[in-house]
Amino acid sequence: MFRLRGILVSRRVFQLRPFSYESFIIQMNNCADEKQVFDLLERNKDTLSEKQVGCALNALQQIRMQKISLIRNSAPVKDHPQFLRLCKAAANRINSMNNDTLVNVLYIIRQFAVEAHDPVVEALVSEAWKRLKRFDINALSTFSTCLADQRLQFSPLMGEIADIVNKNLETIQDLRALSVLMVSISSLISQDFQERLVNKTEFLFDTVDSSKVNIARRLKSTILLMSEELTSQQTLAVLETLENMESRNSHLIAKIASVLHKHLDNYKPVDLLKITQALIFLRFQSKEFFVKLRKLLLSHLEVSFMPSEISSLVCALCILPFPDLNDMVVSRIEEVLPQCNLKELNVFAASLLRWIQYGHMCLGTTTEKQLKLLQTLDHYGHQRLQQSNSLDLLWDEFKSLRGDWFHESLVEESVAILQSFVDEISYINVAKIASFLSRTNYLSTLLLDRIASVVVQQIEKIHPLSVFAITLPFSNLNYDPPQRDEFFGACMQCLNSYVGTLDPLKLVFLAFSFATIEYFPEDLLKKIFNIEFLAKLDSQLEILSSSLRKSVLFRFMELNRAVCLECPEFQIPWFHDRFCQQQYNKDAGIMNEAKQQIYKMLAEVLGGVNYVKASAFSPYYYRVDFECILDKRKKPLPYGGHSITLGKTSGMDWELNTQRVKASLPPGAERIAFEFLDLKAFCINLPHLKGKSAMKKRHLEILGYHVIQVPYFEWNSMTMSTKAARLDYLKERIFGEGKS
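Here numbering that gives the first Met the number 0 is used: the first residue of the sequence shown is 0, the next is one more, and so on.
Read the hints as simulated data drawn from the structure, not as lab findings.
Glycine residues also receive a C-beta, built at the ideal position from the N, C-alpha and C atoms.
Hints may contain errors.
As the list claims (entries may be wrong) - In silico lysine-lysine, DSS-like type, Cα no more than 30 Å apart, as pairs:
#1 526 to 368
#2 696 to 505
#3 505 to 371
#4 44 to 77
#5 691 to 132
#6 691 to 525
#7 371 to 342
#8 505 to 398
#9 505 to 633
#10 342 to 679
#11 696 to 679
#12 87 to 44
#13 526 to 431
#14 398 to 371
#15 431 to 273
#16 549 to 599
#17 679 to 691
#18 291 to 535
#19 679 to 398
#20 368 to 291
#21 368 to 273
#22 696 to 730
#23 549 to 526
#24 431 to 691
#25 87 to 132
#26 254 to 342
#27 549 to 535
#28 505 to 525
#29 696 to 526
#30 679 to 730
#31 549 to 166
#32 722 to 631
#33 166 to 696
#34 549 to 525
Stated by the list, open to error - Label pairs and their calculated CB-CB ranges:
#35 399 to 584: 36 to 46 Å
#36 546 to 724: 38 to 48 Å
#37 711 to 265: 14 to 24 Å
Just need the whole structure built from these sequences, with the hints factored in.
Here you go:
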């Protein structure tokens, strides 16, 4: 009897559930604003299924997208108790979600500015990683977009996605999805893979209207393609990908441009900027296209009132061939400046500087109007900084600041403002602040000490992926915090449980960052310098673009060199001779004017060009600006049969590159390395040597050199304005005494 009652109850529940679910979907789809969505969620909070979670998030996203960008704000939604409960429900029902729902939920949650380190985001990414090989092309493209949004372009995950695309490229027929994937992985992939992607895209592009392939019909169900041909946004996505891949496929570029030309009137100002940037970078040439584009930009500028739109339009006008900012353009800039944030002011400044440079170089003019406008920009930039009353709001504007105007006009005050908020730095924003300081090259011991303190005290709340950004300013700026050992120890503690799963590329860059500041964690280095890790690194390098591959290999060489020189007890071999020879044989080593001047004076001081060698190589392939040898009586020794063409390298000098310099010298003789240090070698606010320059000096001394560094601010000082003063300076540095 009781069993039968249980069966009957179960049947009733089973029969009622579809009606309840359909009722929820209907009501959710009829919600006109977030309040109605949250009210409906409140009434159903205890019975939400994975499909209902997905439906609710879709509804919130649709409502968000219907708002104009001026009033669109994710904060009220993200912080609402019902949204937080919805995210928790999503995390609890991950295993029940199908692949499409999983990646769609991740995508929407990120659109509402939920942080990458939030538990629900981490759980969704982790589950998606497990299912990666089961994703179809659409799920794969959406997931790759989420990873790129989280700045994980170079993660092992993105590498796996690139590998899946590579293996299945010939079967992909979805142009939209392929375009998205191209954008996501284009900075990773090799030239061969790039060419295959471009060829595939060109093939799909050619067959969009073909009844045989009928790609358009397949794509009708997707959000971005609602017509029988490539849409304006798809065309823009393909163009941006070609830009990322540095494509030189003129046939495909011209074909994409022809579709852009057809859609040009439908693009928003920010899209017109993207189009202009991409086509100029891709060296596209068409007077007709650019004339129409310029007219369109000016027409938008006449009616636009939003600072972000006006800044995009002005930036595009300055990128076009033969830029000309007429009185109307200048007037529109002046009108909107009081409303601009720092990002928009930065865009205006970069555009104006480009305009001034073009006028000076090509027309031989710089107008008073241009200079006055630049001064006005400075005024509003400083005013905007002084009005800052919240670190979070300030960061939203800081994160995009870069370029000449920022470094020359605002960097000092920007750091001062950050210092006034020093107590607000916490585990939540510590990586962002550290990353910003790395870009500024400004040494603020107050901020760096605070960063180190936060890390030591709150390391358990910091994500391992943030460690590299956190340590970077310390290595770049060559600064040891008072809590040095505790700080680096805490960073390694955070990394230890993740080292096996972290991206090999990031580990190489992280380990080099540590090495720059003389921190050599043995466990980390031995994990890097072993066969298993090298195999992983090799497999990842195979899909990288040539420029990125070279960057990674060069950094790996520098790490190998640092470990060999500073930690010989680790017994890690030097295995980069061949790589260095290949790289440096391509480099002619042309000297700039200041170095040519020093070279001539050194030859005069030492007794002739046979006594000084320019652009010499040390053991382990450090390039030394100038080298000379003094015997035990400090008398210069000539280089046998030595001759050099001014400004050219003198070639390799060491057959066995790991030997020390003392081994090949007469008893008591000394080899001197002479280095001219320009402003890039120092912090911008102090004559403090930065990390890589300090490391080079340290390594040359280990190799046996006596290192003489000549800072630009000494060489160009008023006291060294005459040739005689400079000769005395060189004699003093080399021999220990000045002689006129």
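Each hint tested on the structure:
1. For a cut-off of 30 Å, the pair hint linking residue 526 to residue 368 is broken: about 60 Å separates their Cα positions.
2. For a cut-off of 30 Å, the pair hint linking residue 696 to residue 505 stands: about 26 Å separates their Cα positions.
3. Annotation: proposed proximity of residue 505 to residue 371 is violated, straight-line Cα distance about 45 Å (limit 30 Å).
4. At most 30 Å may separate the alpha-carbon atoms for a hinted pair to count; residue 44 and residue 77 meet this at roughly 17 Å.
5. Taking the CA atoms of residue 691 and residue 132, the gap is about 41 Å. The hint is violated against a cut of 30 Å.
6. Taking the CA atoms of residue 691 and residue 525, the gap is about 23 Å. The hint holds against a cut of 30 Å.
7. Between residue 371 and residue 342, the direct Cα distance comes to roughly 20 Å. Compliance with the 30 Å bound is thereby established for this hinted pair.
8. Using a Cα cut-off of 30 Å, the hinted pair residue 505 and residue 398 holds, with the two alpha carbons roughly 21 Å apart.
9. Pair hint residue 505 plus residue 633 does not hold up; C-alpha atoms about 46 Å apart against a cutoff of 30 Å.
10. For the hint linking residue 342 to residue 679, the alpha-carbon distance of about 25 Å falls within 30 Å, and the restraint holds.
11. With a C-alpha separation of about 15 Å, the suggested pairing of residue 696 with residue 679 holds against the 30 Å cut-off.
12. A hinted pair counts as satisfied when its Cα atoms are at most 30 Å apart, and residue 87 with residue 44 qualifies at roughly 11 Å.
13. This hinted pair checks out: residue 526 and residue 431 have alpha carbons roughly 28 Å apart, not beyond 30 Å.
14. Between residue 398 and residue 371, the direct Cα distance comes to roughly 27 Å. Compliance with the 30 Å bound is thereby established for this hinted pair.
15. A C-alpha spacing of about 26 Å is found between residue 431 and residue 273, which places the hinted pair at or below 30 Å, so the restraint holds.
16. Of the pairs offered as hints, the one joining residue 549 and residue 599 is violated, with about 34 Å between alpha carbons and a cut-off of 30 Å exceeded.
17. Restraint check: the Cα-Cα separation between residue 679 and residue 691 comes to about 10 Å, which is no more than 30 Å; the hinted pair holds.
18. Under the criterion of a C-alpha separation no larger than 30 Å, the hint pairing residue 291 with residue 535 is inconsistent with the structure, at around 50 Å.
19. Restraint check: the Cα-Cα separation between residue 679 and residue 398 comes to about 22 Å, which is no more than 30 Å; the hinted pair holds.
20. Using a Cα cut-off of 30 Å, the hinted pair residue 368 and residue 291 holds, with the two alpha carbons roughly 27 Å apart.
21. Of the supplied pair hints, the one linking residue 368 and residue 273 holds, its CA atoms being roughly 28 Å apart against a limit of 30 Å.
22. Annotation: proposed proximity of residue 696 to residue 730 holds, straight-line Cα distance about 20 Å (limit 30 Å).
23. Of the pairs offered as hints, the one joining residue 549 and residue 526 holds, with about 22 Å between alpha carbons and a cut-off of 30 Å not exceeded.
24. Between residue 431 and residue 691 the alpha-carbon distance is near 22 Å, which keeps this suggested pair within the 30 Å criterion.
25. Restraint check: the Cα-Cα separation between residue 87 and residue 132 comes to about 26 Å, which is no more than 30 Å; the hinted pair holds.
26. Distance restraint check for residue 254 and residue 342: the Cα-Cα separation of roughly 34 Å exceeds the 30 Å cut-off, and the hinted pair is therefore not satisfied.
27. Taking the CA atoms of residue 549 and residue 535, the gap is near 17 Å; set against the 30 Å cutoff, the hint holds.
28. Pair hint residue 505 plus residue 525 holds up; C-alpha atoms about 16 Å apart against a cutoff of 30 Å.
29. Among the hinted pairs, residue 696 with residue 526 is consistent with the structure: their alpha-carbon atoms are about 28 Å apart, no more than 30 Å.
30. This hinted pair checks out: residue 679 and residue 730 have alpha carbons roughly 26 Å apart, not beyond 30 Å.
31. Taking the CA atoms of residue 549 and residue 166, the gap is near 24 Å; set against the 30 Å cutoff, the hint holds.
32. Between residue 722 and residue 631 the CA atoms are separated by roughly 28 Å; this keeps the pair inside 30 Å, and the hint holds.
33. Under the criterion of a C-alpha separation no larger than 30 Å, the hint pairing residue 166 with residue 696 is inconsistent with the structure, at around 47 Å.
34. With a C-alpha separation of about 23 Å, the suggested pair residue 549 and residue 525 falls inside the 30 Å cut-off, and the hint holds.
35. Range check, residue 399 to residue 584: about 39 Å between beta-carbon atoms, so the 36 to 46 Å window is met.
36. One distance hint, 38 to 48 Å for the beta-carbon pair residue 546 and residue 724, holds here, with the actual separation near 43 Å.
37. A hinted range of 14 to 24 Å for the beta carbons of residue 711 and residue 265 is inconsistent with their spacing of about 52 Å.
Consistency with the previously given hints fails for numbers 1, 3, 5, 9, 16, 18, 26, 33 and 37, ordered from lowest to highest.
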